[in-house]
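S.K.: Listed below, chain by chain, are the residues.
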Amino acid sequence: MSSTAVTEGHHNDAGESEPGFYGTSWQKLMMWWFIIGDAILFGTFLGAYGYARLSAHAWPDPSKVFSMNFITVMTFTLITSSATMATAVAASRAKNNRMAAHFTMLTAVGGLAFLGMQVVEWHHMIVEHGARLAVGPQIEGVPNVPMFSAFFFTITGFHGSHVASGVVILFITAINAYRGKSGPEGVELSGLYWHFVDLVWVFVFGTYYLL
Amino acid sequence: MSEQHVEHASHGYKGYWIAWAILLVLTLVMINIHDRKVLLAGIAIKSFIISLWFMHLKFEKRWLIASVGAGFVFALLLFFFVHFDAQLGAL
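Protein sequences appear in the order of chains A and B. Add 10 to the 1-based position in the first sequence for the numbering used here, that's all there is to it. Add 1075 to the 1-based position in the second sequence for the numbering used here, that's all there is to it.
Simulated from the structure, these hints should not be mistaken for laboratory data. Check each hint, because a few of them may be wrong.
[Claimed, not checked] Coverage of chain A stretches by chain B, computed from C-beta distances (three or more under 8 Å per stretch; other residues unrestricted):
id	region
1	33 to 45
2	53 to 64
3	156 to 169
Fair warning: this is a prediction, and the values are worked out from it, not measured in the lab. Each residue gets a CB set at the ideal place from its N, CA and C atoms; glycine is no exception.
Required output: the full structure, derived from the provided sequences and hints.
M.R.: Structure (structure tokens):
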């Protein structure tokens, strides 16, 4: 009663209002701040990568190391899973629990597909190109730069681990939604995390594979 | 308040799939046009679509937008400090 700013925030499934922080629920606020912290982590990775690349005498042309068509399919998969996630969040807000669960599950499957392709990608790098964490890919006519491998495995590895944990979170959210235990906020929070994973990939894809 | 939220949610589905199509087209443009400016513009537009539209930042409270925006700008600075060097001709 005394503070409308606190009580007017979010409503959970039961319709109870939960105390929030200036009209935003704590859960959402903390998710956003976690995302900011994570964004800074990836910012430092990409900044370090930029520095290493600028100070290197030579740098392999990514299109000669990777199959760009394959990377494009990976990117499409992740973007599509982001769109299904957004649909799940909208369905969940519109109280369509079943549709929300279906689309969350679809998103998780998309994430799994992405992970599978990343395994293929790593296998390609390690087995066919002989790359290791500190050994560059060995390809004819392409400079062997250890840093190229180091940043490839670190950046895509960290991103991949985010995808993997995201897939677990999505499966749990989907199962909870099927059982009617996950309300709009639960779906929305896992959605925020999933979109962030997609957001990071935009930068990784743009700066590591294309630049 | 809550009515406003429901309203934002219900205009949903179609808009997200339009955003999806735009993201796919932008990806194709970025891959096929080998130009750094196009690439950076593509990254910028894609990240705005994802954060403002998919993550609903556009519909959040202004203070939340400001605090998240400040964090993202800081994260971007980490990358772009180096990029300025690249612009100076080192790359």
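S.K.: Against this structure, judge whether each hint is valid.
M.R.: Right, here's what the structure says about each hint:
With 6 residues carrying a beta carbon less than 8 Å from a beta carbon of chain B, the region 33 to 45 of chain A meets the three-residue requirement, and the given coverage holds. Counting residues of the region 53 to 64 of chain A whose beta carbon lies closer than 8 Å to any beta carbon of chain B gives 8, which reaches the threshold of three, so the coverage claim holds. Residues of the region 156 to 169 of chain A lying with their CB closer than 8 Å to a CB of chain B number 0, which falls below the three-residue condition for coverage.
Checked against the numbered hints given earlier, this structure breaks only hint 3.
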